[in-house]
Amino acid sequence: MRQFLLFITIISVGVLFLSRLFYLQVYNSSAHNLYEDNAIRKVYDYPKRGFVYDRNGQLLVANQPSYDVMVIPREVEPLDTIEFCNLLKINKEQFIKTYKKAYRHSPRLPYVFLSHLSKEDYAVLQEKMRKFQGFYIQKRSLRYYETTIGANVLGDIGEVNNKTIKKDPYYIMGDLIGKQGVEASYEKTLRGIKGIKFIQKDRFNRNIGPYKDGKFDTIPAQGKDIKITIDAKLQAYGELLMQNKRGGVIAIEPSSGEILAMVAAPTYNPNILVGRDRSKNFTKLYNDSIAKPLFNRSLQGVYEPGSPFKLMNALIGLQEGVITADESVTCYRGYKYGNRFMKCHCNSGTRNNLIAGIQRSCNAYFATAYRKILDKESNASKGIDNWSKHVKSFGLGQFLNNDLFVGQKGRIPDRAYYKHIYPKTFYSTYTISNAIGQGEVATTPIQLANMAAAIANRGFYYTPHIIKNIEGEKLKEQFTKPKKTTIDKAHFEPVIEGMLQVYKKGTAASLQVKDIDICGKTGTVENFAIIDSTRTQLTDHSIFLAFAPKDNPQIAIAVFVENGYWGSRFAGKVASLMIEKHIKGHITRTDLEEWLLKHSLENEYAKPYSGEPFKINGQTALQIVEEQEYYRLKRLLKTINKPKN
Amino acid sequence: MVRDTNRHYKFDWTTIILFFLLVGFGWLNILSASHTGITVDYFDFSQPFGKQLIFIFLTFGLIILLLAVDAKFYERFSSVLYIISMLSLIGLFIFGKNVNGATSWYGIGSFTIQPSEFAKTATALAVAKYVSDLNTNINRLKDQIQTFIIIIIPAILVLLQNDTGSTIVYGAFFFVLYREGLPQYYLTVAISVILISILSLKFGAYISALLALLFVLIFHFFNKKKIKTFQSIFILTIAVAISFGVKFFYQNILQPHQQDRISLWLRLEKDPIKLQQMKKTFAYNLNESEKAISSGGFSGKGFMEGTRTMGKFVPEQHTDYIFSTVGEEWGFLGSAFVVITFVLLLLRILHLAETQKSQFSRVYGYGVASIIFIHFLINIGMVMGLIPTIGIPLPLFSYGGSGLWAFTILIFIFIKLDSNKINEW
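Protein sequence lines correspond, in order, to chains A and B.
39 is the number of the first residue of the first sequence in this note's numbering; add one for each residue after it.
4 is the number of the first residue of the second sequence in this note's numbering; add one for each residue after it.
Take the hints with a grain of salt, since some may be wrong.
Only some residues are given here: those of chain B computed to face chain A with a beta carbon under 7 Å [said to hold, decoys possible]:
id, residue
1, ILE296
2, GLY299
3, VAL342
4, VAL346
5, LEU353
6, PHE376
7, LEU380
8, ILE383
9, MET387
Note that these hints are calculated values from the structure, not bench results.
Just so you know, even glycine gets a beta-carbon here, dropped at the ideal spot from N, CA and C.
The shape of chain A in the complex, shown without the other chains (with noise of 0.2 Å):
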């Protein structure tokens, strides 16, 4: 019995030790994973943003380095806090707030302790790194804006967030991804491929060499430049058009869909998004929940058309057949139907054919030319659903499915979306406003605009894109195949020709651009607010739509200028002076150009929140900027045209 003691006991020692080993390294182990290995260092080998170029070849976003103070909580060793915090320029609440922050978010991954070093800060704490150890630093690339337009286009740059990374693998708490705009439409090409480097630490933290000879390694791709379809110059003189008021300006070329100005009003500097601040500046732009100047409105804003969306219903009427060019219908100063009156601007008797409808915006005859396309097989149902066909060829009410980071349907109503309100009977006197593109029918700036190049290409449009070109790479055939509209080539004349009519001796009569033949179509569009509880009348939306030159039109635009009352009044001078500025360079209209910077929205923008009642359109009188204003907005002319570079 004596000589079994140890020889149980060395057996019993052999069976725990391999208990423990299985627990140890079978039962409790995951896969041997490179990227959890504490021991192996990873650097990130970030390659150079690509940059953004207008369509002229002129710079537009290019980078400038910056540096981030990482930590990786796990690893931390007590070190001097009042030093390091001095280093850094924080204090030390900030410190142990942010080491919380860090520790909470996961103690072995790399986490931001503090972005966007300046240069100096940044030589001197990379002398001192090693003795903090879990530290590190990170060297990035920020965006360098060689421009002050185009937030909205351009986009910005920011910390990908925690979303976006369980989601894409790729990203790394601390990356920067695009958030915005080109940025975040373009992120993949922008960005490159970043590489990566294994490197083995030891114990010390310092790096001993690289892991299996760099086996793992890879290196960066870098990022590619694009070009994009903007004319800086013209979405420039946009911008300065539409300060002090709000809305959306979109041009396009209608012979390749390029969009070469993309104005939303009010904008912010891009530069403002970049560095330190841009946290604390974002806030700012993202509370301003009055002026909304993230929100980009020739994309997002959904305004019912107005007036310009007569063209539409002039064009279905002629397809359909149910009017002819000639045909006239007499107005009596509105359209009466039922018991219920459209009012109209018309002198009472006149007599409107197709193209003096449009030169007139005569309610009364797109009353009529809309309920005749209704009531076409004398059933409305049907008549609507056919309406509404032909309007979303236009690429109205639905996505453009191009490659802009946000956008909006709008609303093209057919039978089925009235259905809850008019369950069973159904006439075309119901939908009667959308005869003059109100009641239910609502598009976004670029949707008007792209409606304004199919007609200006007599029936087809490409779909509206900002991409020109990418290095290397042949642009998607969905920007370069034309789509086609299911009105007929032929039908698109007169209504060009009312068009033009509009500027010759209609509505736009008084903005005349010497040379070149403008055909457009003004809006003014009734709109509300909820003040109190109590729906508000506010002062008219200005709209105007146009292209030009009549033959082979080089640009087709939408304006919106919310609360501008009458269309020529706001929207028609920004439409003129982009197309004579796109079309000759320059400006003529000086006295347009005068008139635009001279006048501010700024107290009807104010009205609904003072308070206080307050009179609308014609009873209100005109802001004028300040003087000092003013000339801040003449010396901004000037440098847009003086030619640079």
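Take the given structure of chain A and dock chain B to it, following the hints.
Relative to the frame of chain A, chain B by itself:
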């Protein structure tokens, strides 16, 4: 010396093969744990792996020498060897060189020698000699005390030199003496004291005292041999005293850092922040070594490819923590191989010891197995977090010339004795 009659010397090749397996595999791991940089110069004798290579080559000469000496020499001169060994330990107090807080080395130039490693062998020989003496009866208290003195002298000497690990090794002789007839109650008492202490620390003094009471009652009423009541009461009193005494000792006498070690070992500490702190301070080595072993997984990261080994995350990895290299680079398969090889070696020696005809050889063989076993138990147990941190090398595996030679001498003396058994009558 009967050189011409080779058939009378039958060396146990199983033991020799197991010995070289461990030494060889050990060297590969020392290489992995101690080389720096990308390229490896296997004969860089300034590095531990290079030095160990020299030590291993010298081992061959040592083995030949050990096997050439007449078997009777070891028995006859065991007292002399013991005395020389003790003198060399005492000499350390005067000439010793302090390394890491322990004065366990003689330094001759860059060469150092650790006499405590050799003292284990000498003590094993002396104990074998004393116990196998015809006049010795281990059941007698006087002989027990004399044997204890032989063992306790080197144990105390190394303790005074701050080498706690080596002191504990002398506990190995308990197995030897028990095998040779030490009364049963030594084992009962030893196991009881250990059990009561651990129970008291882990679950509290009351629970451990209660368990002791239960146990004594069962024994009192159900044992065939009648136990007197006062005996039971006496045992119970002592058990309860140990229960509370250990708790009191732990809480009031031990230093905080010693308390921390025990509380970590018995998993008493539940506060994650405190645990985190422990892992950064005294438990750093343990934590890193457990992580290294764990990261090896089933089949390991491959020879010379352990990231934690290359990064030198585990301090002292080529000496006391060498097993963590095995764990990381060779995984469960390699670690199990080492554990099983050790177990086989121990069982082989034990088996050979039992087959010896002379009591001297048997006692010595038992000593060899017990000493290696204690090292194996404490070292691997510590590296895997089963035993509190005690600095002690893994025999044949860890870096170090003294250690390697001392174990070579320990084992090959036995191989020589064993080979001589056919000449015994």
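* Against the earlier hints, flag every one the structure doesn't satisfy and list their numbers going up. => none
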